[in-house]
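Chemist: Here is how the chains run, residue by residue.
Protein chains: 2
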Amino acid sequence: MRKEVTVDCPATVANLVCGFDILGMALQDPCDRITMRLREEPGIVINHTDGYDLPTEPAKNVAGAALLDMLQAIPEPVGFEVEITKNIKPGSGLGSSAASSAGAVVAANQLLGNRFSKNDLVRFAMAGEKLASGVKHADNIAPCIMGGVTLIRSIFPLDIVALKAPPMFVTVVHPQIEVRTSDARQILRKEVLLKNAIRQWGNIAGLVAGLLQEDYDLIGRSLEDVIIEPVRSILIPGFDEVKSGSREAGALGGGISGSGPSIFMLSKTHETALAVEKLMADIYLRIGIDYKTYVTTLRQEAL
Amino acid sequence: MRKEVTVDCPATVANLVCGFDILGMALQDPCDRITMRLREEPGIVINHTDGYDLPTEPAKNVAGAALLDMLQAIPEPVGFEVEITKNIKPGSGLGSSAASSAGAVVAANQLLGNRFSKNDLVRFAMAGEKLASGVKHADNIAPCIMGGVTLIRSIFPLDIVALKAPPMFVTVVHPQIEVRTSDARQILRKEVLLKNAIRQWGNIAGLVAGLLQEDYDLIGRSLEDVIIEPVRSILIPGFDEVKSGSREAGALGGGISGSGPSIFMLSKTHETALAVEKLMADIYLRIGIDYKTYVTTLRQEAL
Chain A
1 MRKEVTVDCP
11 ATVANLVCGF
21 DILGMALQDP
31 CDRITMRLRE
41 EPGIVINHTD
51 GYDLPTEPAK
61 NVAGAALLDM
71 LQAIPEPVGF
81 EVEITKNIKP
91 GSGLGSSAAS
101 SAGAVVAANQ
111 LLGNRFSKND
121 LVRFAMAGEK
131 LASGVKHADN
141 IAPCIMGGVT
151 LIRSIFPLDI
161 VALKAPPMFV
171 TVVHPQIEVR
181 TSDARQILRK
191 EVLLKNAIRQ
201 WGNIAGLVAG
211 LLQEDYDLIG
221 RSLEDVIIEP
231 VRSILIPGFD
241 EVKSGSREAG
251 ALGGGISGSG
261 PSIFMLSKTH
271 ETALAVEKLM
281 ADIYLRIGID
291 YKTYVTTLRQ
301 EAL
Chain B
1 MRKEVTVDCP
11 ATVANLVCGF
21 DILGMALQDP
31 CDRITMRLRE
41 EPGIVINHTD
51 GYDLPTEPAK
61 NVAGAALLDM
71 LQAIPEPVGF
81 EVEITKNIKP
91 GSGLGSSAAS
101 SAGAVVAANQ
111 LLGNRFSKND
121 LVRFAMAGEK
131 LASGVKHADN
141 IAPCIMGGVT
151 LIRSIFPLDI
161 VALKAPPMFV
171 TVVHPQIEVR
181 TSDARQILRK
191 EVLLKNAIRQ
201 WGNIAGLVAG
211 LLQEDYDLIG
221 RSLEDVIIEP
231 VRSILIPGFD
241 EVKSGSREAG
251 ALGGGISGSG
261 PSIFMLSKTH
271 ETALAVEKLM
281 ADIYLRIGID
291 YKTYVTTLRQ
301 EAL
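For the record, the sequence lines run as chains A and B. If you're matching positions, the first sequence starts at 1 in the working numbering and goes up one per residue. If you're matching positions, the second sequence starts at 1 in the working numbering and goes up one per residue.
The reader is advised that the hints may include incorrect statements.
Identical copies go unnamed one by one, so any copy, or any two together, can satisfy a pair.
[Claimed, not checked] Below, in silico cross-link-like pairs of lysine to any residue (SDA-like), each with a Cα-Cα straight-line distance of 25 angstroms or less: (1) LYS195 to ASN119; (2) LYS89 to ARG286; (3) LYS195 to VAL135; (4) LYS118 to ASP215; (5) LYS118 to GLU4; (6) LYS118 to LEU212; (7) LYS195 to GLU229; (8) LYS195 to LEU158; (9) LYS164 to ASP215.
To be clear, the hints were calculated from the coordinates, so they are not data collected in a lab.
Take the sequences, apply the hints, and build the full model.
Modeler: Here you go:
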């Protein structure tokens, strides 16, 4: 049994435009790095090597919260020493908390001889999401651990479905403004019009069919959100311009990553993904908001 | 060019439980039969050989309304003589009006040398649905014309996606009570809870993934409707008993066919489908409501 493991846990895009709370996808880049060692004595010790000034007390750290949940399922006394280097900025909408939570339980599971199933690991890691946002959701956790595109058909009981997806390039822009997940959730209405819900489920069905049938045009047509995006996009300066410009530049489509403020766009070719990056950079330079961009791909591999 | 054609146009199951207004599936049986002849002079003449006493004036007959819509897209003067033998009882929830509308335009298109696309034919046939229920919907029309399972991603613009589906047996019971489509629509609330909408789109995504990945268990788990069924099933005596009994008998799941009152159940084997039929018959015999049952299969072929 190994005494130390290192995992690179990827950023994820939750919701995928029309699939609010049910769909998510893993990115090849950026990744957090987690190195974990078994300790002689029980308990969890967390060190951050990044400059984000995150709490290191286990119960207040998302990786710690996930590990504490995991420890409850382990009969023998176990201790972990965790070193976290975050490259996914907290609050970016790119699944930063999920990467820490998921990476921690995956690393710990490797140290324990892989005794837990992927579904178990998702359950433990959700304790980190609960700490981060107040809600146990799995739409970042599941793709982070399983790779590819995942469907959370149901949270209670947990029913995760891996969806085969064709290769895709992903361009992300992270405008450096703050949108808190809890705020982004509170501005949503508790009721939606049935006719909008119907349009939304047509798009979700279309997106799933497009992914599984490798129909890029159908994926593009289905990347439409008539319920969440009209409300949340108001919090993100430049959103409409990025979206319409990216489509004109040849992107299949895209929208808010998770609860924002990052915006992601899917493309069929690297060339288009680079053109979209240029366009995003131009828009935020002109608006005068600091930003960071990524050109990456859908990550197919599990953690 | 042929002077006479006969088409057998199948019954269809709209909604498929969680896919209200967007999903539908064709059945092998029952079918209406439509025989159509080109007339020397323009105009439409309709004869019904069944006993349903349906109107034969073209503008008041669903097949006639569909043909009148089609005629507007034909520059030359054309006339049709239509003979309709309905085996799908009007008001059964099995797409009776769609079978007549779809069958008529498909037959007419064959007589005209197949000049129209399937999408055109769906558009014409929707004029029949508009007459029947007041709403232009395509979730019976599309599977009737295209076979298999179809997704109506969007009505305006019309975007129909054929979904590959594995072989399935279908048991249908039609309790002989009247549920008008317009009534079944009016009792629906105009707003739904966001949390229910999210659960619904998880199930829709699961159903589409289950069909395309040929995962019968996932299909079964996804056949859940938390929005429409709780309201509409109240109109159908015996519904809860049929549903729970069918699951116990091994059916994958099922629910209201279209707006009812027919109930359909999907099964993996013929044996299960027959057991479900027996159970349905027992329930309606005991309740004392006349009924008709069908044991059939998903129809894969286009019309």
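Chemist: With reference to the structure, classify each hint as holding or not holding.
Modeler: Here is how each hint holds up against the structure:
Taking the closest pair of Cα atoms, LYS195 and ASN119 come within 25 angstroms of each other only across two copies (23 angstroms); inside a single copy the shortest separation is 34 angstroms, beyond that limit. Proximity of LYS89 to ARG286 under the C-alpha cut-off of 25 angstroms is restricted to the intra-copy arrangement: shortest distance 23 angstroms within a copy versus 64 angstroms between copies. In this homomeric assembly, LYS195 and VAL135 come within 25 angstroms of each other (Cα to Cα) only across copies, at 13 angstroms, whereas the closest approach inside a single copy is 27 angstroms. In the homo-oligomer, the alpha carbons of LYS118 and ASP215 lie at most 25 angstroms apart only across protomers (19 angstroms), although the nearest pairing inside one protomer, at 29 angstroms, exceeds that limit.
For a Cα distance limit of 25 angstroms, the shortest separation of LYS118 from GLU4 inside one copy, 20 angstroms, qualifies, whereas the shortest one across copies, 61 angstroms, does not. In this assembly of identical chains, the alpha carbons of LYS118 and LEU212 lie at most 25 angstroms apart whether taken from the same copy (22 angstroms) or from different copies (23 angstroms). Proximity of LYS195 and GLU229 under a CA criterion of 25 angstroms is satisfied in both settings, with 16 angstroms inside one chain copy and 16 angstroms between copies. Only between protomers do LYS195 and LEU158 lie at most 25 angstroms apart by alpha-carbon distance; the minimum there is 16 angstroms, versus 28 angstroms within a single protomer.
Proximity of LYS164 and ASP215 under a CA criterion of 25 angstroms is satisfied in both settings, with 12 angstroms inside one chain copy and 13 angstroms between copies.
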